[in-house]
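Line order of the protein sequences matches chains A and B. All residue numbers for the first sequence refer to numbering that gives the first Met the number 0, where the first residue is 0 and numbers rise by one. All residue numbers for the second sequence refer to numbering that gives the first Met the number 0, where the first residue is 0 and numbers rise by one.
Keep in mind the hints are simulated off the structure, nothing from the lab. Errors might be hidden in some of the hints.
With the Cβ distance kept under 10 Å, some of the chain B side facing chain A (calculated, not the full set) [to be verified]:
1. Asp29
2. Ala67
3. Thr70
4. Arg72
5. Leu74
6. Ala76
7. Asp80
8. Thr166
The calculated label-pair distances, taken between Cβ atoms and stated as ranges, are [as the list claims (entries may be wrong)]:
9. Ser12/A / Pro148/B: 51 to 57 Å
10. Ser12/A / Leu18/B: 55 to 61 Å
11. Ala91/A / Pro148/B: 27 to 33 Å
12. Ala91/A / Ile135/B: 41 to 47 Å
13. Leu256/B / Ala91/A: 55 to 61 Å
14. Pro130/B / Arg65/A: 52 to 58 Å
Every residue gets a Cβ at the ideal spot worked out from N, C-alpha and C, and that includes glycine.
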Amino acid sequence: MSTTGPPGGARPSACPRRRSDVRARAVEGEMVVLDRQRQLVHQLNQTASYVWERCDGEHTVPTIARDLAGVFEVDLQSAETDVANAVRQLEAAGLVEMASARVPAPGEMQRRIS
Amino acid sequence: MNAGPHGSGLIAVLRAACLGQPGLPMTALDESAVRWAVETGLGPLLARAVAHDPQAATSPLWPLVQGANLTARYLAAEHIDAMTQILDAFRGAAPPPVLLKGISLCDQHYPEPHLRPMRDIDFLLEAGAIPSAESILLGLGYRQSSGRPAAFYDGHHHSSPFVHPDTGVWVDVHRALVAAGGALGADRIFGAENLETQLRWSEFRGRRVRRLSDELQIVHLACHWACGLRAVGGMVAMADMACLLKNSPAVDWPRILEWTDGSAAARHLGLLLTYLQKHRIIQLPPEILRRIYRMQTAFARLTFGIGHSLLDRYVVDGRDFGTLMTEQNFNRVWRRLILRRRRPRGCGGRRGKEANAPGQRARRDEARVAPSGPGSSW
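So here's chain A without its partners, still in its complex pose (with noise of 0.2 Å):
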């Protein structure tokens, strides 16, 4: 996907999730997402198909984009700057919604401490 618009929009605690009835599968090589809804496919790059993959309702953008900067060996900063713009693309195309950071429950918290 190309990006457009400033960089950064999106919320850092929030969590971008994708949309339950929207289906996706790699076709050779790259990550197409068929939206029937609206009758529309997408096709993302390397860059928001990492991200795309992650969109599960339990990363958040900077945690995301850390994760790119590991795997594709670039510097957080142009890995946050990417993360942004593709989820805001896959945001304004409809395919993802953001959720705010799962807040954990008191016994998941007990036992993380424990």
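Using the hints provided, position chain B relative to the given structure of chain A.
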């Protein structure tokens, strides 16, 4: 749909894409022709036909074509994966199915599978193997879904369709090639005896499957096209036939002519082949064409012109239906054209009175009761 004559554009797309002559300029088609090509399922073929045109990508309509092409690639991959998964699950539990229509043609005769639009997966199994095949499908997560009453499928050539809730892939499990109670149900071409002799072992992504012989595939294709013709999508079977004939130069035409002589299938085959030949999408030997033409009744010959004209205007050209020629009237006129008036003589050369003998009629009645077709295990 669109107004305006652009039929020659879509015929050129078929010629270029199916016959391996990509070199069509995008400008050969006006906007309405491009939109109609995409709507009628020829988007991927159009993308292939204009692949050598450097200006194609600059057209404002290119995203539409590219989107259709990408969607077709996605859906083809989805259907091929689903078929592969089904074949793996069938191994040892059900016989290798006979692949039919899109899932067979896309892999066997098209230059690339996605060029053949697919809405579902069709395969045929012996009647005895269907219960286990259907339970395997249920085990894979498919569910039966249909808006029709269950009784409809008792006499139909396939059971109630299966759909996978996650992938959206539909599967039709056929018990016969044609509906037993339909116009072709009593035709020996599609009967069990002939079918047995026309199955060929083959592979699908390294898995063992069966396919129809090219000869039976040609007749089945033409009949399925003629009996289910709709303006939208009616060109897909034309592409099927063009790719099949290009890929199979050694078709046994005398055998096809022997089968179809006196059969309801003769008119269906004649309509499709003469139309494609007229537009130079296929090139049949003149003698074969003459024999196909001679096989037709006088009425059929007379109506071929009307049939071709309907195809030109509404299927290839994509013209809007009007107040006189509504879509319903189009379907009505087409049905009248393909309706046969004589009883079938069968594919074994039986003729005249024999075909109308009481025994023959009894077999036809039995065929209605036995959904799998006359006297067969299919």
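Numbered hints the structure breaks, given as an ascending list: Violated hints: 1 and 11; rest satisfied.
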